[in-house]
Amino acid sequence: MATMMLTVNGSAHTVDVDPATPLLYVLSDDLNLRGPKFGCGLGQCGACTVLAQGRAIRSCVTPAGTITGVEITTLEGLGTLEQPHPLQQAFIDEQAAQCGFCLSGVILTAKALLDQQPHPTEAQIQEALASVLCRCFAHTRMLRAITRYAQGR
Amino acid sequence: MSIISDALEALARAACSRRDVLKGTGALIVGFSAAHMAAPLGVAQGPFDTRVAHVDPRQLDAWLAIAADGTVTASTGKCEFGQGILTAQTQLVADELSVPVARVLIIECDTAVCPDQGTTSGSQSTPSNFNARNLAQAAATAREALLQLAAARLAVPVEQLTINDGVISARADRTKSVSYGELVAGRQFNMTLSATAPRKPASAWTVLGQPVPRLDMAAMVAGQFEYVHNVRVPDMLHGRVVRPPAVGATLLAVDETSVRDVPGLVKVVVRNNFVGVVAERQWQAVQAAEKLKAQWTAGVGLPPQGEFYGYLRHQQPSRDMFVVNSKDVDETLAQAAAVIKTTYLYPYQAHASMGASCAVADVRSGKATLWSATQSVYPTRSGVALLLGLPVDNVRVVYRRGAGCYGLNGADTVSYDAALLSQAVGRPVRVQLSRRDEMAWENYGQAYVIDQRVGVDRDGTIIAWDYEAWSPQLGSRPGYDKPGNVVTGWLAGFEPQQVVARPASDVTDRFRNSSNAAPSYVMGCVGGACGGAGTVRSERVLSHTVPSPFFTGPLRSPARLQNTFAHECCLDEVAAHVQADPVAYRLRHLRDRRLIEVVQAVAKAAAWEARPSPQPQWRSTGLARGRGMACVVYEGDNGYGAMVAEVEVEQATGRLHITRFVVALDCGPISNPDGLRAQIEGGTLQGMSRALGEEVTWDEQQVTSIDWQTYHSLPLGFDVPRIDSVLLNRTDVPAAGAGETAITLVAAALGNAIFDATGARMRQVPFTPERIKVALEARRS
Chain A
1 MATMMLTVNG SAHTVDVDPA TPLLYVLSDD LNLRGPKFGC GLGQCGACTV LAQGRAIRSC
61 VTPAGTITGV EITTLEGLGT LEQPHPLQQA FIDEQAAQCG FCLSGVILTA KALLDQQPHP
121 TEAQIQEALA SVLCRCFAHT RMLRAITRYA QGR
Chain B
1 MSIISDALEA LARAACSRRD VLKGTGALIV GFSAAHMAAP LGVAQGPFDT RVAHVDPRQL
61 DAWLAIAADG TVTASTGKCE FGQGILTAQT QLVADELSVP VARVLIIECD TAVCPDQGTT
121 SGSQSTPSNF NARNLAQAAA TAREALLQLA AARLAVPVEQ LTINDGVISA RADRTKSVSY
181 GELVAGRQFN MTLSATAPRK PASAWTVLGQ PVPRLDMAAM VAGQFEYVHN VRVPDMLHGR
241 VVRPPAVGAT LLAVDETSVR DVPGLVKVVV RNNFVGVVAE RQWQAVQAAE KLKAQWTAGV
301 GLPPQGEFYG YLRHQQPSRD MFVVNSKDVD ETLAQAAAVI KTTYLYPYQA HASMGASCAV
361 ADVRSGKATL WSATQSVYPT RSGVALLLGL PVDNVRVVYR RGAGCYGLNG ADTVSYDAAL
421 LSQAVGRPVR VQLSRRDEMA WENYGQAYVI DQRVGVDRDG TIIAWDYEAW SPQLGSRPGY
481 DKPGNVVTGW LAGFEPQQVV ARPASDVTDR FRNSSNAAPS YVMGCVGGAC GGAGTVRSER
541 VLSHTVPSPF FTGPLRSPAR LQNTFAHECC LDEVAAHVQA DPVAYRLRHL RDRRLIEVVQ
601 AVAKAAAWEA RPSPQPQWRS TGLARGRGMA CVVYEGDNGY GAMVAEVEVE QATGRLHITR
661 FVVALDCGPI SNPDGLRAQI EGGTLQGMSR ALGEEVTWDE QQVTSIDWQT YHSLPLGFDV
721 PRIDSVLLNR TDVPAAGAGE TAITLVAAAL GNAIFDATGA RMRQVPFTPE RIKVALEARR
781 S
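These protein sequence lines are chains A and B, in that order.
Mapping the first sequence onto the numbering used here, position 100 (from 1) lands on 100, and the numbers just tick up by one.
Mapping the second sequence onto the numbering used here, position 478 (from 1) lands on 478, and the numbers just tick up by one.
Next comes chain A alone, as it looks inside the complex (with noise of 0.2 Å):
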């Protein structure tokens, strides 16, 4: 065990665990966070997704000790219940999920896409979201949200 410090969606964080932790577990049992969920715990679904300094990450393979000091944002710091980011709004608007254990794969890959890239062509929206997956198979709502949030801005 290790004390160490982590910044989640703005605010500074110290815990106590083995570095070796997921760092899905910290955010899901030490910061009671519900955004990142356990997919796989292989890195190959999404469901865990996080983003770290805007780049989008699996936390359920990411040792939590290798992330100190890089700014941690999970699905509910993307924005609130209230006050949802617009990406998060053009889901609501196009009511794309059914179950929603996916959404921080596709929401925050998405966004981490979007950032960099803020008017990708389908080809590279396909490419990005390429090892994200949603059972329900959502997908038409989904694609159409992204592309509703990008066009918007």
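Calculated directly from the structure, the hints in this document are not laboratory data.
Just so it is clear, CB atoms sit at the ideal spot from N, CA and C, and this is done for glycine as well.
Watch out, some of these pointers could steer you wrong.
To be verified - These stretches of chain B come out as covered by chain A in the derived footprint (C-beta under 8 Å, 3 or more residues): (1) 77-83; (2) 208-218; (3) 397-409; (4) 431-445; (5) 710-719.
Dock chain B against chain A, hints included.
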């Protein structure tokens, strides 16, 4: 945020203790039918019937409470899995009681307060709760009761009263008015459900039938929704399980010293062949599960996958069943001008939920509380009681949403895991399955081998249809008394439901097509009554259920999808043989008006060009384009669907591009058209993933499709085809299910489109590029 943070708290807010309800008795005035109980072993999705338990569903108070502030709290046994039923049920109650959606609070699937409605599955939530019984009838009963109370209070006859926004007033004098809150003020109705209280006609709906946005959407999108994975209770520990290394392996010994140095380890738990670890922290539990040395016997050995379909045909024991048998099929086929013979193959497929399953259990002092994403809170309550040796009344199961399950995923088994581990340590335990735990030990959707022989006369009209299928089964839903039907119960020592040999006997009572084993084109004549959708009189449908090496259970459109793939492609083969247009040929053999109308609607929307398949300009090289269609009466009576798929096939590589799906659906009166579209879109694309890539694989000892690299689900980045939905809203018939109709049609429509494009027939799912190449080669030879 959760929609309902705690059901008991919500009821307390409604100033109504559900415990008082328990004392309620009363004559049975509403029939709670045991629908679909006759479904064949292994594909049973239920139970679906609403049962009398400690919450008596004959009592209005079991369903509805009205608080002094006018809030309507409704309890339901049909819960939200992502399909939109929470919002739709809220609309139903709001509409029936003329209150805004925001004033209705739904409590879902908590055995402390909700009626026992069996399982949320099988496209049965809408038929159960939106027709003249259960939740819908409770709301209608409440409205009638409120009108009578108001009539007495205001001294105005009921027929001169009107309801607006939860306030009842005299039509002639609106100053004479009283609100629901004033009338009821948190007291109980203390009455039975009325069998005669009229539902609002669809023409008077203002909330139901509207595209009301999902009530849970903002919380999900904001990352604040509470899933079962997010449930945290005081003093909670973390557990993981250690499953056997091979199918059929049994435990010889566990070396607890192997995990002695894992920090935070609380206990290694062994019960029969069940092994689990409990630790203070989740990561510690993961490490302990990985490090624990356990000795197991060798597995039982698995049949080679390459020969599996042939193997299935010879498995014993076999439980055989006729769905229909006119006893003249062999003679009629012998007289036919031509007989088309086909064999269709369908693999085991996994639910493969996004989230590996999770549950939290608190078993202490002879009582248990489970937070579970099970589809079956009451059956799970009974199963947990059996597993733990507790009286069923001492177990409470509280539904919390998991990842979309699409049927019997790991939610039930992980609930048992959590219960066993919590009982062993006497503290609350949260269990998170690993991806491998989830996918290697699921109750898979069943594999199928389907032989068909279809005879046509000289005019090309079908005169006989013979169907014979083999499908493996082991376990299934645990129901109320079979915890061994899922892996944890079995490991803990409970027997799964096994196939018992039974010869097929004559069908005598009525035609039941709840598994869609009979094609839509047969008459379905039993005992003088014909319940089939088609015109073919000579008909035989025989199924063989045989033992499975793996656990099986309902996966979205269980058996219905596999059967429809075989029927609808076979029909297409026959149409091609007689050089008939596939749409016209279907219509020629259908007599069910609603099925005919969805076929016509989809053909019109797709601008279907009437001609035989394959397409006349087809060449054996280059890019080929085609279209295919399929239709079904889901479960024989639970919704009508038709689909057209448009595809391009790269014949050099076998790669398939799907350019468009057109889907027409008739599920009776539509509760929420946007929700229905979402189900059509998601079902269609999930069906596409299942048709193109998904297949459970195994070696000599164990399942090898255990993650997203070995089990091939289409990711978000694939080339998503356009989907056009045509909704046929019928308000003169009962409301039917809609969550499984579209997915049922996809493999068939795609197979038929590939044939139309290339002249190559796909008879085995999934349609991988390699298999498409093989079919293209076979066409040349």
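Verification of the hints:
Remark: the region 77-83 of chain B is confirmed as covered by chain A, as 3 of its residues place a Cβ nearer than 8 Å to a Cβ of that chain, reaching the required three. Residue count for the region 208-218 of chain B with a Cβ under 8 Å from a Cβ of chain A: 5. That meets the three needed, and the coverage hint holds. For the region 397-409 of chain B, the proposed coverage by chain A is satisfied: 5 residues have a C-beta within less than 8 Å of a C-beta in that chain, meeting the threshold of three. Only when three residues or more bring their CB closer than 8 Å to a CB of chain A does the claim for the region 431-445 of chain B stand; here the count is 3, and the claim holds.
With 7 residues having a beta carbon nearer than 8 Å to a beta carbon of chain A, the region 710-719 of chain B meets the requirement of three or more and the stated coverage holds.
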